[in-house]
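Chemist: Protein chains in written order, with my numbering: chain A, 1 to 295; chain B, 1001 to 1295.
Source of the hints: derived by calculation from the structure; they are not laboratory data. It is possible that some hints are incorrect.
What the hints assert, rightly or not - Taking lysine to aspartate or glutamate and the EDC-like style, the derived pairs with C-alpha atoms no more than 16 Å apart in a straight line are:
| # | chain 1 | residue 1 | chain 2 | residue 2 |
| --- | --- | --- | --- | --- |
| 1 | A | 293 | A | 144 |
| 2 | A | 293 | B | 1226 |
| 3 | B | 1293 | A | 226 |
| 4 | B | 1293 | B | 1144 |
Stated by the list, open to error - Derived Cβ-Cβ restraints for the label pairs, each shown as a range:
| # | chain 1 | residue 1 | chain 2 | residue 2 | range |
| --- | --- | --- | --- | --- | --- |
| 5 | B | 1139 | A | 154 | 31 to 41 Å |
| 6 | B | 1277 | A | 211 | 22 to 32 Å |
| 7 | A | 211 | B | 1063 | 38 to 48 Å |
| 8 | B | 1113 | A | 181 | 53 to 63 Å |
| 9 | B | 1094 | A | 287 | 46 to 56 Å |
| 10 | B | 1157 | A | 136 | 48 to 58 Å |
| 11 | A | 153 | B | 1207 | 26 to 36 Å |
| 12 | A | 155 | B | 1207 | 34 to 44 Å |
| 13 | A | 280 | B | 1209 | 17 to 27 Å |
| 14 | B | 1181 | A | 268 | 14 to 24 Å |
| 15 | A | 207 | B | 1081 | 33 to 43 Å |
| 16 | A | 109 | B | 1041 | 38 to 48 Å |
Keep in mind it's a predicted model, so treat the numbers as computed, not measured. Note that CB positions come from ideal geometry on N, CA and C, so glycine has one too.
Number of protein chains: 2
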Amino acid sequence: MSGGVHFRRLAIIGMGLIGSSLARVVRNHGLADHIAAAARTQATIDTVQRLGLADSVTTEAAVAAAGADLVMICTPLGVYSEIAEAMAPALEAGAIVSDVGSVKRTAFSDIQPHLPAGVHLVPGHPVAGTEHSGPESGFAELFEGRWCILTPGEDTEEGAVETVAALWRRAGMSVEVMDAAHHDQVMAITSHLPHLIAYTIVGTATDLGERLQREVAKFSAGGFRDFTRIAASDPVMWRDVFLANSEAVLEMLGRFNEDLTALQRAIRRGQGEVLEDTFARTRAIRQGVIDAKQA
Amino acid sequence: MSGGVHFRRLAIIGMGLIGSSLARVVRNHGLADHIAAAARTQATIDTVQRLGLADSVTTEAAVAAAGADLVMICTPLGVYSEIAEAMAPALEAGAIVSDVGSVKRTAFSDIQPHLPAGVHLVPGHPVAGTEHSGPESGFAELFEGRWCILTPGEDTEEGAVETVAALWRRAGMSVEVMDAAHHDQVMAITSHLPHLIAYTIVGTATDLGERLQREVAKFSAGGFRDFTRIAASDPVMWRDVFLANSEAVLEMLGRFNEDLTALQRAIRRGQGEVLEDTFARTRAIRQGVIDAKQA
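Chain A extracted, bound-state conformation (with noise of 0.2 Å):
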């Protein structure tokens, strides 16, 4: 079904890591005519010239967007509703916006009010990533054997659904389509409370002090390592998923500090058992991440 995939005009707006690899691969099969790249500072627009990831591009999201068929907006979700408004006026009837963003009901809450009529909303989330930002970190290969989930409205054209849907496919994902509320509660405990975390400990040891600080990074390879990996995202990207899905994060936070705390309690009265068995069930839903292969 994906096969047959093609516009005449690609825009993407924002090219930093998932917008330059989604250019790369719809660039790599020949996938548009046009790629319509629009880029917020002159360092990124020079960049994506060098690397000739698009055939043109420009700092107003809505010359990118003129006569487009799909935009795709891929930038932080901060400034969804000034892009909306912006490049509204030159969306033609019948094209798709579509977007990358961790919280989907931002979609709706700052895309969709702008929207002229006819043009068809598709909001998306290709759930992949590195802690790397902007044009030169992406790569075609990003996305393969990853999962992208789309959350269309009720009452939204099937065939816009699975036109979006083909495309993400020739990038090497799989295709959920879900609920937007349901897809940020999720999200809130496997992606956004996970980096929360992150940013905490390696903030938290951050403050420790110089010679220990540098001792942190020596011996990182107990575990730590990993933390500084995630905590080194993107942080505006970051800042506004948690101000867009507090609600969520908030519910998970407070089911994570509970359970914190128990475990804070446990080791302060010796209680291994309990250390034990939690540490024991745990196991289990590794081997799921397994079997979903997404290790």
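Given chain A, work out where chain B should sit, using these hints.
Modeler: Relative to the frame of chain A, chain B by itself:
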């Protein structure tokens, strides 16, 4: 300096991931005339024999340790006292006893009191590992490029320390000597707290109900999978680590909780600047890990 290290009889007590990896190193480089292994279960003994990891293997630590010039204890911390007591009568004057445990004060509290005069205690901690356990998970390259920390007492003979250091250098490690209490503080933040937090969040996810749990595994590429890997580590080993290093872990956990509460507050109040500043700060420590070649 490490070129000439050689043992007549090297005893390895505990043939899990670390013990069996060390056995492979010793065998590959011909560093001992005889490798005497001790293992707790018949299943492990069978595996050690099948893989040819030792010249002799027994369930009795005292039998393996008898006549050894180096005894390396590679068991969970909780059985140190019992093992030291059992093998003490078999130890010859001049023998070195070392270990690989993640809490170094335990070597002094649980091993030292049992040792006869003339036996040298050189506690050690090769900071390397994977989430896998058992003799089949070991491999000789496990230690390459990592740090080994030795924490000898003030009166320990220098030659004994150098012998243990030379062994770990042959395994590919850099060796650093420090005070046991300082080691335990550094590991509390670089290794023990990361493991506690990973166990906690994976446990929190496990309690979310079946549908969410399936989705957690499926969409774990968003950050969660790194935590599941850490949380798949050996439950008994880690139970003992938290019991043995409870004071330092609780101290670091207190700092972590304060920092997490500050971020929680910022999320609830929508303070984007606080979040962004915190997230930007943690990138620097990742650079430190990369500079220390531990990434």
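Chemist: Take the hints in turn and mark each one as holding or not.
Modeler: Cross-check of the supplied hints:
A threshold of 16 Å between alpha carbons decides the hint, and for residue 293 of chain A with residue 144 of chain A the separation of about 12 Å falls inside it, so the pair holds. Taking the CA atoms of residue 293 of chain A and residue 1226 of chain B, the gap is near 14 Å; set against the 16 Å cutoff, the hint holds. Distance restraint check for residue 1293 of chain B and residue 226 of chain A: the Cα-Cα separation of roughly 14 Å lies within the 16 Å cut-off, and the hinted pair is therefore satisfied. Distance check on the hinted pair: residue 1293 of chain B and residue 1144 of chain B sit about 12 Å apart at the alpha-carbon level, within 16 Å; holds.
Checked against the given bound of 31 to 41 Å, the beta carbons of residue 1139 of chain B and residue 154 of chain A, roughly 53 Å apart, lie outside it. Remark: the range hint 22 to 32 Å for residue 1277 of chain B to residue 211 of chain A is upheld by a beta-carbon distance near 24 Å. A hinted range of 38 to 48 Å for the beta carbons of residue 211 of chain A and residue 1063 of chain B is consistent with their spacing of about 44 Å. For the pair residue 1113 of chain B and residue 181 of chain A, the supplied restraint of 53 to 63 Å holds, since their beta-carbon distance comes to about 60 Å.
In this structure, residue 1094 of chain B and residue 287 of chain A meet the distance hint of 46 to 56 Å, their C-beta atoms being roughly 47 Å apart. For residue 1157 of chain B and residue 136 of chain A, the hinted distance range of 48 to 58 Å is satisfied, since their beta carbons lie about 54 Å from each other. In this structure, residue 153 of chain A and residue 1207 of chain B meet the distance hint of 26 to 36 Å, their C-beta atoms being roughly 31 Å apart. A hinted range of 34 to 44 Å for the beta carbons of residue 155 of chain A and residue 1207 of chain B is consistent with their spacing of about 35 Å.
Our hint of 17 to 27 Å for residue 280 of chain A and residue 1209 of chain B holds, since their Cβ atoms are close to 20 Å apart. Checked against the given bound of 14 to 24 Å, the beta carbons of residue 1181 of chain B and residue 268 of chain A, roughly 19 Å apart, stay inside it. Distance hint check for residue 207 of chain A and residue 1081 of chain B: the Cβ-Cβ separation is about 36 Å, which falls inside the suggested range of 33 to 43 Å. At about 58 Å, the CB distance of residue 109 of chain A to residue 1041 of chain B disagrees with the hint of 38 to 48 Å.
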